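A.B. asks: Below, each chain spelled out in residue letters.
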Amino acid sequence: MAGGAAGAATSDVRTAGNRHLPGADLRRRKRVARLPRVLRAEAAPVSGAWLEAADFTLDAQGCIHSWSSAAQRVYGYGAGEVVGQHFSLLYAEDGIAEAERLLVAARQQGFCSEIVQRLRRDRALVTMQARVVAYARSEGGLAGYAEIDLPLLQADPGRVDVAADRLIRLAAHELRAPLGVVLGALTLLGLQMEDAGIQPTHGPVAELLNLAQDELRQMDDLLGGILDSWRTKQAELAVRAETCDLREIVEAGLRPILMLRRRVQVEAPSQPLPLHGDPVRLRQVVRNLLANAVKYSPSGSPILLRVQDLGDVLRVSVEDRGIGIDHADLERIFERHYRGRLQPDLDPGGMGIGLYVCRTIVEAHGGRIWAENGLEAGACVVFELPRLPGVLEL
Amino acid sequence: MRILVVDDSAGIGLVLTRYFERADHLCEHLLDAAAALQRLESPPLPDVVLVDLVMPGMSGREFVTEMRRRPGMRELPVVLLSGYAANTDDLPPAGSYHAVLGKPFDLQELSAVLVAATSQSARRRL
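Residue numbers (my numbering), protein chains in the order written: chain A, 153 to 546; chain B, 960 to 1085.
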């Protein structure tokens, strides 16, 4: 769709001696973006594609504060129509949450750059590369945001991204929800059989019930992995810090593993371990590490979970008596989608995302995570978190 | 124990209701948060509220925030059910709830969390 206009603009750009349109700095990009005006006097873009950066500013509430003439040309709204209105008017009806998410991301990181779908005044959807920077007042507090949007000329990858995002969220939500219901219903069925005097823990019926539950849990793990993988790719694993107790977090992370009837030996101080961190995400770290230990060690073998107070840092380690980690893989297993080298008959399968997510979360807390092979056979994964509030950034 | 479940999934509601009934609890399930707020205006009050975070209309976060503003509900134990699409931004302010359970949760895990949330010490900590 962009062929005609982009082609015309590119030849114009070349005469200006700028061959690196996408990489040009903002000032240069603006200059480049203005070039097609020369053309506009006597011609119009062939396909409706354009090469202008729409810039506008928002106040702290997300309402449009200023609106450039380029923004007017790109989106079709005049300044009088939009100034004072919340900028979610640039989104389709279901996009208000998405608009908020963009601002939250900009607030948390200071800036954000995302591919978004926006709605023009003529109700046409356009795919934009949106860059948002948050501004603070000199006396503190949020002043507002500046945003510059460039149309995505390579429309296809952008479309795929937006479409994939929708699809993945849909899959994660629409598939996991019924999965949870079925899992619950099966558990209940087992309990009701028990009530009726049928032994659901032994015999062929129990075997089938357990099989169905195990398979469902595996499906859920995979879906969770897909969602985590996507979120980390979108740099969207938000971390929200508050004062919490590491012992409680570890306990909560441990609970679902105990349901798998695995023996976990816990060594932890008896007093609370206060920490500035995100309890939901940290619980996910503990859960992922324990799930790995379960996955890569024989079913009867013990797992050791140790929590230590080292003064400035708190340390958690998970050790198993399993197959251990190839020395060459000790660092690489924390890479995205990297999976250790395993003999096929020992490989329980997976997406190679669990430890990557753990590293992302631990590092966002200013901590570190590493793997070693235990004193006895098996692997040991350790993470440390600073007690003082770290830099919470992803 | 009297339990109020607020979740837009009828399936989750049914499974939880049957599960709690089996343990001789009284369980009420409502499909949306606005209706739940209205329900809380008249006695008998539940001993614990289980709330889904992501719901159409009023979200779990809005529900808990609004509920805590009402007299007599500052200490009512709340356990959040966080599903699939939930992010940390969906959580209500720290200290306004007792626990968050990821979906799909194990029913036995849920029981353990409910017992912990309704204990006196947990109430006082809020």
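Please note that a few of the clues may not be correct.
[Unchecked claim] What follows is a list of derived Cβ distance ranges for each label pair: (1) A:Ala244 to B:Gly970: 26 to 36 angstroms; (2) A:Ala358 to B:Arg998: 52 to 62 angstroms; (3) B:Gly1016 to A:Glu394: 22 to 32 angstroms; (4) B:Asp983 to A:Arg275: 29 to 39 angstroms; (5) B:Gly1016 to A:Leu277: 19 to 29 angstroms; (6) B:Gly1031 to A:Val418: 35 to 45 angstroms; (7) A:Asp274 to B:Glu980: 26 to 36 angstroms; (8) B:Leu1004 to A:Asp274: 31 to 41 angstroms; (9) A:Arg225 to B:Gly1031: 17 to 27 angstroms; (10) B:Gly1031 to A:Trp522: 46 to 56 angstroms; (11) A:Pro424 to B:Asp967: 52 to 62 angstroms; (12) B:Gly1016 to A:Leu327: 36 to 46 angstroms; (13) A:Val418 to B:Arg961: 29 to 39 angstroms.
[What the hints assert, rightly or not] From the derived model, a few chain A residues whose C-beta atoms are all more than 12 angstroms from chain B: (14) Leu335; (15) Val432; (16) Leu456.
[Unchecked claim] Computed footprint of chain A on chain B; a stretch qualifies when at least three of its residues, placed anywhere within it, have a C-beta under 8 angstroms from a C-beta of chain A: (17) 964-971; (18) 976-985; (19) 1000-1010.
Since the hints were made in silico from the structure, they are not lab data.
Since the structure is predicted, the reported quantities are computational estimates derived from the model, not experimental observations.
Beta carbons are placed, not taken as given, at the ideal position from N, Cα and C, and that holds for glycine.
A.B. asks: Take the hints in turn and mark each one as holding or not.
C.D. replies: Going through the hints against the structure:
no., hint, verdict
1, A:Ala244 to B:Gly970: 26 to 36 angstroms, "29 angstroms, holds"
2, A:Ala358 to B:Arg998: 52 to 62 angstroms, "39 angstroms, violated"
3, B:Gly1016 to A:Glu394: 22 to 32 angstroms, "27 angstroms, holds"
4, B:Asp983 to A:Arg275: 29 to 39 angstroms, "56 angstroms, violated"
5, B:Gly1016 to A:Leu277: 19 to 29 angstroms, "26 angstroms, holds"
6, B:Gly1031 to A:Val418: 35 to 45 angstroms, "38 angstroms, holds"
7, A:Asp274 to B:Glu980: 26 to 36 angstroms, "55 angstroms, violated"
8, B:Leu1004 to A:Asp274: 31 to 41 angstroms, "53 angstroms, violated"
9, A:Arg225 to B:Gly1031: 17 to 27 angstroms, "57 angstroms, violated"
10, B:Gly1031 to A:Trp522: 46 to 56 angstroms, "50 angstroms, holds"
11, A:Pro424 to B:Asp967: 52 to 62 angstroms, "35 angstroms, violated"
12, B:Gly1016 to A:Leu327: 36 to 46 angstroms, "23 angstroms, violated"
13, A:Val418 to B:Arg961: 29 to 39 angstroms, "33 angstroms, holds"
14, Leu335, "5 angstroms, violated"
15, Val432, "6 angstroms, violated"
16, Leu456, "22 angstroms, holds"
17, 964-971, "holds (count 3)"
18, 976-985, "holds (count 3)"
19, 1000-1010, "violated (count 0)"
Of the numbered hints given earlier, the model fails hints 2, 4, 7, 8, 9, 11, 12, 14, 15, 19; all others are met.
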